[in-house]
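S.K.: What follows is the residue order along each chain.
2 protein chains.
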Amino acid sequence: MGEMTHRMLAAAAAALALPTAAVAQVPAAAPVTIDPAVAKARDAALEGDTLAWEIVEELTTEVGPRLAGTEKEAQARAWAVRKLKALGFSNVRVDSFEVQVWVRGEERGEIVTPFAQPLVLTALGNSGATPPEGLTAPVVFFPTIANLQAAPAGSLRGKIAFVSHAMTRTQDGSSYGAYGTARRIGPAVAAEKGAVAVLIRSIGTDSHRMPHTGGTNFPTGMTPIPAAALSIPDAEQLERVLQRGKPVSVKLLLTPRQTGLRSSGNVIAEVPGRDPSAGTIVIGGHLDSWDLATGAIDDGAGVAITTAAAKRIMSMGRPRRTIRVVWFGSEEIGLFGGNHYALTHKGERHATVSESDFGAGRIWQFRTTLPAAAKPVLERLTVALAPLGVPLSTATANGGPDGGPLARTGVAAIDLQQDGTDYFDLHHTPDDTLDKIDKGALRQNVAAWTAMLGVVANAPETIGAADPIR
Amino acid sequence: MGEMTHRMLAAAAAALALPTAAVAQVPAAAPVTIDPAVAKARDAALEGDTLAWEIVEELTTEVGPRLAGTEKEAQARAWAVRKLKALGFSNVRVDSFEVQVWVRGEERGEIVTPFAQPLVLTALGNSGATPPEGLTAPVVFFPTIANLQAAPAGSLRGKIAFVSHAMTRTQDGSSYGAYGTARRIGPAVAAEKGAVAVLIRSIGTDSHRMPHTGGTNFPTGMTPIPAAALSIPDAEQLERVLQRGKPVSVKLLLTPRQTGLRSSGNVIAEVPGRDPSAGTIVIGGHLDSWDLATGAIDDGAGVAITTAAAKRIMSMGRPRRTIRVVWFGSEEIGLFGGNHYALTHKGERHATVSESDFGAGRIWQFRTTLPAAAKPVLERLTVALAPLGVPLSTATANGGPDGGPLARTGVAAIDLQQDGTDYFDLHHTPDDTLDKIDKGALRQNVAAWTAMLGVVANAPETIGAADPIR
Numbered sequence: 001m002g003e004m005t006h007r008m009l010a011a012a013a014a015a016l017a018l019p020t021a022a023v024a025q026v027p028a029a030a031p032v033t034i035d036p037a038v039a040k041a042r043d044a045a046l047e048g049d050t051l052a053w054e055i056v057e058e059l060t061t062e063v064g065p066r067l068a069g070t071e072k073e074a075q076a077r078a079w080a081v082r083k084l085k086a087l088g089f090s091n092v093r094v095d096s097f098e099v100q101v102w103v104r105g106e107e108r109g110e111i112v113t114p115f116a117q118p119l120v121l122t123a124l125g126n127s128g129a130t131p132p133e134g135l136t137a138p139v140v141f142f143p144t145i146a147n148l149q150a151a152p153a154g155s156l157r158g159k160i161a162f163v164s165h166a167m168t169r170t171q172d173g174s175s176y177g178a179y180g181t182a183r184r185i186g187p188a189v190a191a192e193k194g195a196v197a198v199l200i201r202s203i204g205t206d207s208h209r210m211p212h213t214g215g216t217n218f219p220t221g222m223t224p225i226p227a228a229a230l231s232i233p234d235a236e237q238l239e240r241v242l243q244r245g246k247p248v249s250v251k252l253l254l255t256p257r258q259t260g261l262r263s264s265g266n267v268i269a270e271v272p273g274r275d276p277s278a279g280t281i282v283i284g285g286h287l288d289s290w291d292l293a294t295g296a297i298d299d300g301a302g303v304a305i306t307t308a309a310a311k312r313i314m315s316m317g318r319p320r321r322t323i324r325v326v327w328f329g330s331e332e333i334g335l336f337g338g339n340h341y342a343l344t345h346k347g348e349r350h351a352t353v354s355e356s357d358f359g360a361g362r363i364w365q366f367r368t369t370l371p372a373a374a375k376p377v378l379e380r381l382t383v384a385l386a387p388l389g390v391p392l393s394t395a396t397a398n399g400g401p402d403g404g405p406l407a408r409t410g411v412a413a414i415d416l417q418q419d420g421t422d423y424f425d426l427h428h429t430p431d432d433t434l435d436k437i438d439k440g441a442l443r444q445n446v447a448a449w450t451a452m453l454g455v456v457a458n459a460p461e462t463i464g465a466a467d468p469i470r
Numbered sequence: 001m002g003e004m005t006h007r008m009l010a011a012a013a014a015a016l017a018l019p020t021a022a023v024a025q026v027p028a029a030a031p032v033t034i035d036p037a038v039a040k041a042r043d044a045a046l047e048g049d050t051l052a053w054e055i056v057e058e059l060t061t062e063v064g065p066r067l068a069g070t071e072k073e074a075q076a077r078a079w080a081v082r083k084l085k086a087l088g089f090s091n092v093r094v095d096s097f098e099v100q101v102w103v104r105g106e107e108r109g110e111i112v113t114p115f116a117q118p119l120v121l122t123a124l125g126n127s128g129a130t131p132p133e134g135l136t137a138p139v140v141f142f143p144t145i146a147n148l149q150a151a152p153a154g155s156l157r158g159k160i161a162f163v164s165h166a167m168t169r170t171q172d173g174s175s176y177g178a179y180g181t182a183r184r185i186g187p188a189v190a191a192e193k194g195a196v197a198v199l200i201r202s203i204g205t206d207s208h209r210m211p212h213t214g215g216t217n218f219p220t221g222m223t224p225i226p227a228a229a230l231s232i233p234d235a236e237q238l239e240r241v242l243q244r245g246k247p248v249s250v251k252l253l254l255t256p257r258q259t260g261l262r263s264s265g266n267v268i269a270e271v272p273g274r275d276p277s278a279g280t281i282v283i284g285g286h287l288d289s290w291d292l293a294t295g296a297i298d299d300g301a302g303v304a305i306t307t308a309a310a311k312r313i314m315s316m317g318r319p320r321r322t323i324r325v326v327w328f329g330s331e332e333i334g335l336f337g338g339n340h341y342a343l344t345h346k347g348e349r350h351a352t353v354s355e356s357d358f359g360a361g362r363i364w365q366f367r368t369t370l371p372a373a374a375k376p377v378l379e380r381l382t383v384a385l386a387p388l389g390v391p392l393s394t395a396t397a398n399g400g401p402d403g404g405p406l407a408r409t410g411v412a413a414i415d416l417q418q419d420g421t422d423y424f425d426l427h428h429t430p431d432d433t434l435d436k437i438d439k440g441a442l443r444q445n446v447a448a449w450t451a452m453l454g455v456v457a458n459a460p461e462t463i464g465a466a467d468p469i470r
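Protein chains in written order, with UniProt numbering: chain W, 1 to 470; chain E, 1 to 470.
Hints in this document: simulated from the structure, not taken from any laboratory. Treat the hints with care, as some may be off.
Copies of the same chain are indistinguishable here, so a pair counts whether it falls within one copy or spans any two.
[What the hints assert, rightly or not] Below, in silico cross-link-like pairs of lysine-lysine (DSBU-like), each with a Cα-Cα straight-line distance of 35 Å or less:
hint: 1; residue 1: Lys439; residue 2: Lys246
hint: 2; residue 1: Lys246; residue 2: Lys85
hint: 3; residue 1: Lys193; residue 2: Lys346
hint: 4; residue 1: Lys439; residue 2: Lys251
hint: 5; residue 1: Lys72; residue 2: Lys251
hint: 6; residue 1: Lys251; residue 2: Lys375
hint: 7; residue 1: Lys436; residue 2: Lys246
hint: 8; residue 1: Lys436; residue 2: Lys251
hint: 9; residue 1: Lys193; residue 2: Lys439
hint: 10; residue 1: Lys72; residue 2: Lys375
hint: 11; residue 1: Lys40; residue 2: Lys85
hint: 12; residue 1: Lys246; residue 2: Lys72
hint: 13; residue 1: Lys346; residue 2: Lys85
hint: 14; residue 1: Lys85; residue 2: Lys436
hint: 15; residue 1: Lys159; residue 2: Lys436
hint: 16; residue 1: Lys251; residue 2: Lys85
hint: 17; residue 1: Lys346; residue 2: Lys159
hint: 18; residue 1: Lys246; residue 2: Lys40
Isolated chain W (complex conformation):
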């Protein structure tokens, strides 16, 4: 109940037209207060943080696109190590690992018949290549992935499968799970039924000629077929052409290739704590981006926000708990950095894990799997985040894409959830660039992360294993 008083309860009861007694029977809790220094650090971030902008501006300008496992991601790591050291973080290092690297080539598409015209598309990660001269085939339309799954075996032999779908704009991004299926498994399903290539409507909510890339997967032993996402206006155009009822053929030229094993890694930096037994707080975002853009919102913003907040806590003096900032590598191509971290740091005592990887929109709610024994921490978190308009959600936290593997080992997760209403307008497109970040929203993010770290890093309570049932 936080700082709610009897007088507030009476007012609430009046507003709800209930007898005061019906609400006031709740016993009055002791007021929850937070360290004034934390409130001050939070408010200072909200008012004037410039470090998050500096980080994302430098990363996107001086490195630019940084596809996992490529020389560009290596450049990003080198830049990151320099930057984190310059900011005064301790134990700055790279945890290296290897990944299979797929790189984009030429990509072109066009309707050949009945109405010749170009199509804007982009290859999906792990797409196969067409012959160097391209591939022309008739198109078979599936309104949803379910329709494709229902197609008879062998029925797509020699054909290009085109999978469309709607996609709903949601604040919490939950629609990505369902609609993303068309991209994640559509190509393999089409290949299994004999298709020579597959086109999907981009997994996105915009109406620009910006195709959304993203990874797809083919089971071991299956030869990948060429797989591309049409921009949403192009998918709608192809649907209109198909609706005319004439046979439609499309020509595709895609020349991506697998380049084999390459080096990737997580960049790690710390604000050392006073009490190793209290457990480490893991925060971060991912350093790699898709190759089509500079990855400002996915996920330059995430590494910038979390690092700027950690720096604010660092400047307040040594916290009880170590704050470990992880800039994960190779997220986009399969969560390699997050899995590597969880595997290689398994035996360590972790208190909490949190990731920022959903753009740069304002934080609108938070959720946790803090155990019941850490209830006072949750109460103080609630009080610390309230002035930013960030209430506790009833949903369960998952630690984000890269924090997820660690969270699934039982480490309590705290998710500061960003408003993703517009996120899938930009996600994985050439349009994910610095100009899309609102400085005010970025500062609100840093403020929320500062408040969270301020509360959790110095909490005297023990923060034990996660308890998803609260």
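With chain W fixed as given, assemble chain E onto it according to the hints.
M.R.: Frame of chain W, contents of chain E only:
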């Protein structure tokens, strides 16, 4: 003053806190009324016109991009003739002429040093080509075209000139005149000072990685240099990179070419009038588009709106004046269709000329050069357009890009002005597609054009030569 009554004047005076007498001294004018059939046709269009959508949907879907002088523009003409005949128009024909045709090739750009990364750009019409392996050169930055013009002779030898600029969003599109200069003459100015290539910030108001193409011109005898527009985020990125103060080099690959003289033409269709001496009303838009998109707002919407309105007047019975619908050819590459029309129809008696070529946004005001003797026509126009929220502007009409040459021969122009606040977000980009058209706004356009045609086509007054001073 239209239908304003003494009671309304009193109310207006009260609202302005003036004594009623101060306003009511204006003598009461005879009420201006319009033919109820025109009001009915206007309101029917507003309520339920579907023809304009049908035209722009079919043109953009079944023809797609239709660059002037190419086979695609020829396909558009063939489609147009079929469509206009099917709609019942008379004297459907093509007035042919020839144009020099420039076609786009490969186009790629990248920052080579100090921060290697790709740039999204597109060649400007009439751009020269780079060598087939591309061209790498240092970049010299000019914040505005004025700075480029002030550069010393020869100072750009071996350099790529990069011209940036701000561009203000305006409702009437007036900012295009000033800011468009960077595109129209920037490349020639840079070439004259020795530049090996030129990059401009796109002439646009969006923040998407959508470069805006458009024509540029090199004086006779000057060898065109490669000239491209960066998307606005890419222009801002290049500025940020330049601000670091290190030498910046860019690699360009552009392989456009001039293909020589090709056939183009204006498609003409008529609603024949009863009284040839009353003069023809010319309306229309342009049929050609840039090659990057399907030209939905530039200018599929224009031919669709004007034709749908003419069809509504046709269905009301034979008007006094002939309405001539012209779907101009080769507008984008130099107003060839409009100039050809004015030249070849010079001796004919024209009453008015109007074009729709500013997107598909709502009409928000109108302006004319109707002569003083046709004041009753202007008064009825004002009354007919008022219910659509379209008042008379104090500015002078120009007849639009294709109607302009005819207007400049002395034919009265009536411009129904569309709200172009968002127009330069899409103008000449790959994003000019059907999904950008709002059906409600399109119907409001057809309603306004129906009202205008209904008033002008049957006006009993003589409509003589234009009088820009009203």
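S.K.: Does each hint hold? Answer for all of them.
M.R.: Okay, the hints, checked on the actual structure:
Proximity of Lys439 to Lys246 under the C-alpha cut-off of 35 Å is restricted to the inter-copy arrangement: shortest distance 26 Å between copies versus 50 Å within a copy. Proximity of Lys246 and Lys85 under a CA criterion of 35 Å is satisfied inter-copy only: 23 Å between copies versus 62 Å inside one chain copy. In this assembly of identical chains, Lys193 and Lys346 lie within 35 Å of each other by CA distance neither inside one copy nor across copies; the values are 41 Å within and 64 Å between. In this assembly of identical chains, Lys439 and Lys251 lie within 35 Å of each other by CA distance solely across copies; the values are 32 Å between and 43 Å within a copy.
For a Cα distance limit of 35 Å, the shortest separation of Lys72 from Lys251 qualifies both inside one copy, at 31 Å, and across copies, at 18 Å. For a Cα distance limit of 35 Å, the shortest separation of Lys251 from Lys375 qualifies neither inside one copy, at 60 Å, nor across copies, at 59 Å. When the C-alpha separation of Lys436 and Lys246 is checked against a cutoff of 35 Å, the pair qualifies only between copies, where the shortest distance is 26 Å, while the shortest distance within a copy is 41 Å. In this homomeric assembly, Lys436 and Lys251 come within 35 Å of each other (Cα to Cα) both inside a single copy, at 33 Å, and across copies, at 26 Å.
In this assembly of identical chains, Lys193 and Lys439 lie within 35 Å of each other by CA distance neither inside one copy nor across copies; the values are 48 Å within and 40 Å between. Taking the closest pair of Cα atoms, Lys72 and Lys375 never come within 35 Å of each other, the shortest separation being 44 Å inside a single copy and 69 Å across copies. Taking the shortest alpha-carbon separations for Lys40 and Lys85, only the intra-copy value of 26 Å comes in at or below 35 Å, while the best inter-copy value is 74 Å. Taking the shortest Cα distances, Lys246 and Lys72 sit within 35 Å of each other only across copies (20 Å), while inside one copy they are farther apart (45 Å).
Taking the shortest alpha-carbon separations for Lys346 and Lys85, only the intra-copy value of 25 Å comes in at or below 35 Å, while the best inter-copy value is 75 Å. In this assembly of identical chains, the alpha carbons of Lys85 and Lys436 lie at most 35 Å apart only when taken from the same copy (28 Å versus 48 Å across copies). Taking the shortest Cα distances, Lys159 and Lys436 sit within 35 Å of each other only across copies (31 Å), while inside one copy they are farther apart (38 Å). For the homomeric pair Lys251 and Lys85, the shortest alpha-carbon distance between copies (33 Å) is at most 35 Å, but the shortest distance inside one copy (50 Å) is not.
Taking identical chains as interchangeable, the C-alpha atoms of Lys346 and Lys159 are never at most 35 Å apart, the minima being 47 Å within one chain and 55 Å between chains. Proximity of Lys246 to Lys40 under the C-alpha cut-off of 35 Å is found in neither arrangement, the shortest distances being 67 Å within a copy and 39 Å between copies.
The earlier numbered hints that this structure contradicts are 3, 6, 9, 10, 17, 18.
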